[in-house]
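Chains as they are written, first to last, in our numbering: chain A, 45 to 395; chain B, 45 to 395; chain C, 45 to 395.
These are computed hints drawn from the structure, not numbers from a lab.
Among these hints, one or two may not hold up.
To be verified - Calculated lysine-lysine pairs in the BS3-like style (CA-CA distance at most 27 Å, straight line): (1) 380(C) / 380(B); (2) 380(A) / 250(C); (3) 117(C) / 250(B); (4) 101(C) / 189(C); (5) 250(A) / 183(B); (6) 250(A) / 250(B); (7) 183(B) / 101(B); (8) 366(A) / 380(B); (9) 380(A) / 183(C); (10) 380(A) / 380(B); (11) 101(A) / 250(C); (12) 183(A) / 301(B); (13) 189(A) / 301(A); (14) 250(A) / 366(B); (15) 119(A) / 250(C); (16) 380(A) / 366(A); (17) 366(A) / 366(B); (18) 250(A) / 380(B); (19) 250(B) / 189(C); (20) 189(C) / 189(A); (21) 250(B) / 250(C); (22) 101(B) / 117(B); (23) 301(A) / 250(C); (24) 366(B) / 366(C); (25) 117(A) / 117(C); (26) 366(A) / 366(C).
Unchecked claim - For each label pair, taking beta carbons as the anchor points, the in silico distance ranges come out as: (27) 155(B) / 152(C): 33 to 43 Å; (28) 246(B) / 152(C): 32 to 42 Å; (29) 277(A) / 155(B): 41 to 51 Å; (30) 348(A) / 91(C): 28 to 38 Å; (31) 85(A) / 85(C): 26 to 36 Å; (32) 380(A) / 376(B): 46 to 56 Å; (33) 45(C) / 164(B): 23 to 33 Å.
Just so you know, even glycine gets a beta-carbon here, dropped at the ideal spot from N, CA and C.
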Amino acid sequence: MADVRFFTRSAPQTIQALASLSGAMLADECHADYLIVDVAPLDRAGESEVSFLDNPKYVELFRTSRAGACIVKPKYAGDAPAAMRLLLSDDPYRAYARIAQYFYPYIPLEEGISPNAHIDASAHIGEGCAIAAGVVIGKHVMVGKGCTIGANSVIHDGVTIGDNTRIGALCSISHAQIGERVIIHRGVHIGQDGFGFALAREGHVKVPQLGRVMIGDEVEIGAGTCIDRGTGPDTVIGEGTKIDNLVQIGHNVVIGKHAVIVSQVGIAGSTRIGDGAVLGGQVGLAGHIRIGAGARLAAQSGVIADVPAGASYGGTPAVPIKDWHRQTVTLARLIKPKHHTHFEAVEEAPV
Amino acid sequence: MADVRFFTRSAPQTIQALASLSGAMLADECHADYLIVDVAPLDRAGESEVSFLDNPKYVELFRTSRAGACIVKPKYAGDAPAAMRLLLSDDPYRAYARIAQYFYPYIPLEEGISPNAHIDASAHIGEGCAIAAGVVIGKHVMVGKGCTIGANSVIHDGVTIGDNTRIGALCSISHAQIGERVIIHRGVHIGQDGFGFALAREGHVKVPQLGRVMIGDEVEIGAGTCIDRGTGPDTVIGEGTKIDNLVQIGHNVVIGKHAVIVSQVGIAGSTRIGDGAVLGGQVGLAGHIRIGAGARLAAQSGVIADVPAGASYGGTPAVPIKDWHRQTVTLARLIKPKHHTHFEAVEEAPV
Amino acid sequence: MADVRFFTRSAPQTIQALASLSGAMLADECHADYLIVDVAPLDRAGESEVSFLDNPKYVELFRTSRAGACIVKPKYAGDAPAAMRLLLSDDPYRAYARIAQYFYPYIPLEEGISPNAHIDASAHIGEGCAIAAGVVIGKHVMVGKGCTIGANSVIHDGVTIGDNTRIGALCSISHAQIGERVIIHRGVHIGQDGFGFALAREGHVKVPQLGRVMIGDEVEIGAGTCIDRGTGPDTVIGEGTKIDNLVQIGHNVVIGKHAVIVSQVGIAGSTRIGDGAVLGGQVGLAGHIRIGAGARLAAQSGVIADVPAGASYGGTPAVPIKDWHRQTVTLARLIKPKHHTHFEAVEEAPV
Chain A
45 MADVRFFTRS APQTIQALAS LSGAMLADEC HADYLIVDVA PLDRAGESEV SFLDNPKYVE
105 LFRTSRAGAC IVKPKYAGDA PAAMRLLLSD DPYRAYARIA QYFYPYIPLE EGISPNAHID
165 ASAHIGEGCA IAAGVVIGKH VMVGKGCTIG ANSVIHDGVT IGDNTRIGAL CSISHAQIGE
225 RVIIHRGVHI GQDGFGFALA REGHVKVPQL GRVMIGDEVE IGAGTCIDRG TGPDTVIGEG
285 TKIDNLVQIG HNVVIGKHAV IVSQVGIAGS TRIGDGAVLG GQVGLAGHIR IGAGARLAAQ
345 SGVIADVPAG ASYGGTPAVP IKDWHRQTVT LARLIKPKHH THFEAVEEAP V
Chain B
45 MADVRFFTRS APQTIQALAS LSGAMLADEC HADYLIVDVA PLDRAGESEV SFLDNPKYVE
105 LFRTSRAGAC IVKPKYAGDA PAAMRLLLSD DPYRAYARIA QYFYPYIPLE EGISPNAHID
165 ASAHIGEGCA IAAGVVIGKH VMVGKGCTIG ANSVIHDGVT IGDNTRIGAL CSISHAQIGE
225 RVIIHRGVHI GQDGFGFALA REGHVKVPQL GRVMIGDEVE IGAGTCIDRG TGPDTVIGEG
285 TKIDNLVQIG HNVVIGKHAV IVSQVGIAGS TRIGDGAVLG GQVGLAGHIR IGAGARLAAQ
345 SGVIADVPAG ASYGGTPAVP IKDWHRQTVT LARLIKPKHH THFEAVEEAP V
Chain C
45 MADVRFFTRS APQTIQALAS LSGAMLADEC HADYLIVDVA PLDRAGESEV SFLDNPKYVE
105 LFRTSRAGAC IVKPKYAGDA PAAMRLLLSD DPYRAYARIA QYFYPYIPLE EGISPNAHID
165 ASAHIGEGCA IAAGVVIGKH VMVGKGCTIG ANSVIHDGVT IGDNTRIGAL CSISHAQIGE
225 RVIIHRGVHI GQDGFGFALA REGHVKVPQL GRVMIGDEVE IGAGTCIDRG TGPDTVIGEG
285 TKIDNLVQIG HNVVIGKHAV IVSQVGIAGS TRIGDGAVLG GQVGLAGHIR IGAGARLAAQ
345 SGVIADVPAG ASYGGTPAVP IKDWHRQTVT LARLIKPKHH THFEAVEEAP V
């Protein structure tokens with residue numbers, strides 16, 4: 045089980061209750077009242093723990109697991125050990141996530157405003173908030189109900205934060221409107237000036253950045269990520285989008301709903317990313333391009349032109365992923381004596 | 045107009061005054077007293093707003109814009125709608141920047157030292173500074189006149205900061221001399237140890253880092269950027285250089301004047317970058333190389349050798365940009381059946 | 045010598061004493077009592093300073109150096125100027141590091157707990173610690189003896205920190221066990237949730253992250269680096285490993301001992317890195333792969349499969365470094381008219 049110094053586990057629960065809260069179906073109603081006390085991986089779960097099988101390559105592990113219960117797709121039910129109680133689901137990982145959320149719910153900071161927080165008299169803090177020591181909140185800030193703001197974070201003048209949003213320690217937020225149930229991890233900086241200059245040899249002139257950052261509901265933003273405010277238009281992060289650590293999002297970028305942005309991605313100004321797009325780690329996007337809905341970009345790719353909806357791209361400059369793989373294979377072949385092609389024979393001959 | 049919760053607009057101004065402050069020329073003196081109240085983009089500007097035309101691809105938008113006034117190059121004057129008042133400039137974006145700065149000047153924090161700042165008695169704070177809550181200032185720190193230091197920032201012992209410099213929230217600065225009118229955004233870390241070790245299998249030995257960080261006047265440094273101090277020589281950022289977010293600058297790096305370093309660039313130790321060089325996003329530079337004045341490096345390029353002054357390079361390892369483009373095209377051609385070349389016919393034949 | 049505003053030098057020392065503390069051997073016992081006051085580079089060192097020769101390309105500089113003493117490999121002893129006193133060592137840089145550490149030892153913050161730190165009553169702070177202003181320490185935190193915690197850092201509930209560990213300003217640490225003599229620079233975030241979601245078009249479900257971060261003794265972690273906690277297993281950084289600035293380490297990553305991770309590297313979840321591996325700047329590693337002990341990855345490479353122990357890889361996707369160099373050369377040749385090959389002749393012929 046999880047280290048008790050850091051995690052607090054909820055009370056045991058019947059399989060039936062876990063089935064309900066996770067949307068899974070109990071394979072055998074006889075087990076409805078069986079008590080489960082924790083979640084655990086297949087190879088470590090015991091009699092009173094629930095596990096899950098998601099990746100087919102773990103079917104062997106599943107067959108010999110001692111888990112008291114397991115969430116599986118119906119088609120693997122026949123592979124289960126005789127003693128195992130089954131929760132059937134078309135998406136076992138999702139069901140597992142719900143059950144793990146039950147056993148290990150988010151534990152908010154203790155409700156209340158620290159006497160060591162510095163809050164402007166004109167700010168409004170909703171009911172049930174936890175505001176930690178060292179937090180600085182500026183003028184006319186509006187914080188919704190049930191929010192958490194971690195130690196030493198700074199919320200600048202005029203920012204609004206929706207209900208049940210959690211902000212980690214050491215964040216700064218300005219020029220922004222934050223939705224509900226948003227999770228902002230530590231060290232995130234939102235709303236600073238975008239990188240806007242009228243460039244000239246004799247000295248670059250700073251262009252005032254007059255827009256905002258609009259963050260939709262249920263967005264999650266990883267540690268150390270920076271999101272610049274717009275130049276006049278806004279920078280927008282759509283509902284449910286998940287952003288990893290150390291990501292850079294430039295001014296006027298518009299990201300749709302439920303996109304996934306892996307760590308260290310950089311998105312240059314005014315680029316638009318469609319709903320559900322997935323950007324691998326360290327991807328770089330040029331400014332003023334469009335990534336279609338559901339597009340997938342391989343890690344480290346460098347994208348300098350539009351990518352169609354649903355397409356998979358890779359490489360720098362990025363091309364359709366199959367082409368990238370073929371380029372890679374072609375290059376590898378060009379240099380390999382063991383794949384001695386006609387071309388290479390020619391190449392190496394005296395010219 | 046900009047969101048009043050975050051921005052405060054200056055008073056309306058005559059076109060004549062805007063011409064003066066921006067270095068533009070009024071096309072028709074009859075309009076000298078016309079009042080402008082705000083800046084706005086071509087497609088949204090109204091009667092009392094001033095816009096600009098910089099990019100030729102927006103000439104159509106310009107022709108139908110309802111902007112009361114517009115800054116344009118003289119050659120586009122003929123394309124203006126009849127009712128539009130014109131400000132002529134050879135660099136409309138620069139003139140626009142000046143006018144936008146007039147309407148939306150930087151609003152400093154309220155002057156004064158927060159009672160919740162922790163300032164060593166030996167530190168000197170100049171007149172007219174604003175020092176926010178939670179700021180920690182060490183021994184013998186010298187802060188010039190008119191500076192701003194954002195909430196929870198930490199200025200370590202001995203640092204000097206020139207007049208009218210602004211430091212955002214949550215920064216840390218040590219072992220550094222900061223110029224005048226410098227802008228340091230939130231979460232910037234300046235002066236920590238460089239990554240210096242005598243490497244050995246049985247344990248790496250830390251090499252004391254005995255230099256400083258010297259930041260010239262009017263430098264701007266983006267959120268989350270890290271600048272390590274020198275090993276004995278200093279790390280130097282030249283006057284007027286603009287650095288974006290999440291950039292890494294290693295020990296002993298020397299950057300010239302008016303360079304532009306886009307986000308997530310990494311510069312390894314002891315590399316030198318000439319005046320006015322432009323580094324695209326996510327560029328990586330090896331240590332101990334020289335990038336000539338005015339050189340341009342394409343985003344994501346990886347540079348492992350010197351780049352001549354004025355040259356444009358791209359790719360990893362970086363080559364002259366034209367070569368990189370040709371490599372890209374060549375690779376693309378090698379794999380495309382539709383460009384079925386002799387080579388490919390041979391390649392695909394049984395060998 | 046180093047700027048006295050930032051550095052404090054220890055008392056002069058005899059060559060004999062410096063030889064002892066650095067493991068070097070005095071070439072001529074007659075010099076044993078000669079006093080050295082500082083370290084300096086070959087070209088700037090004077091009569092009372094000690095320098096070192098490590099890189100053969102500086103032999104010329106060594107021959108004409110005025111350094112009072114110098115650490116060199118025995119084979120270069122014959123190249124020394126007549127007046128120079130020699131300290132012989134097989135690893136002069138390592139010996140220099142030890143001597144520089146003597147002259148410029150780490151100066152801890154003044155011992156004591158700032159009255160402006162906010163420490164939960166249940167936390168335990170060891171003897172001889174320095175806890176700066178604005179530090180926030182949660183419940184049941186255990187801080188060992190002789191630790192330093194920089195201004196405005198946040199240590200969350202239950203964290204343990206070993207003896208003589210130094211934590212810079214503006215760090216946040218949760219769900220972690222930190223070893224002894226660890227150095228954590230400013231702005232580091234350790235222990236936040238990994239990027240774990242059950243992905244789905246209609247909304248991603250957050251998967252509770254139930255593991256910890258375990259940091260071994262003598263690890264060093266650079267400014268702005270983020271280390272996510274494990275999902276159930278732990279994220280582990282082995283003893284003596286050195287991590288540079290702005291690195292991203294995902295959940296369940298396990299790094300061995302004495303590895304070197306240069307700045308802006310990104311390591312995706314569950315990847316394992318062997319002892320002594322060296323990762324160049326901006327390297328990206330896919331999840332669930334293994335990098336063998338002593339492997340070396342060139343800067344910016346993108347690694348998507350296992351790398352054997354001791355191997356050197358480069359490129360994206362990474363291949364053995366010799367293959368990568370050959371690919372680079374081959375590509376360069378393909379586009380160069382001056383290296384006009386048979387292939388290109390064919391390629392450019394009408395098809």
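**Report entry** Numbers of unmet hints, in rising order
**Finding:** Hints 2, 4, 5, 6, 7, 9, 12, 14, 18, 20, 21, 25, 28, 29, 30, 31 and 32 contradicted; others consistent.
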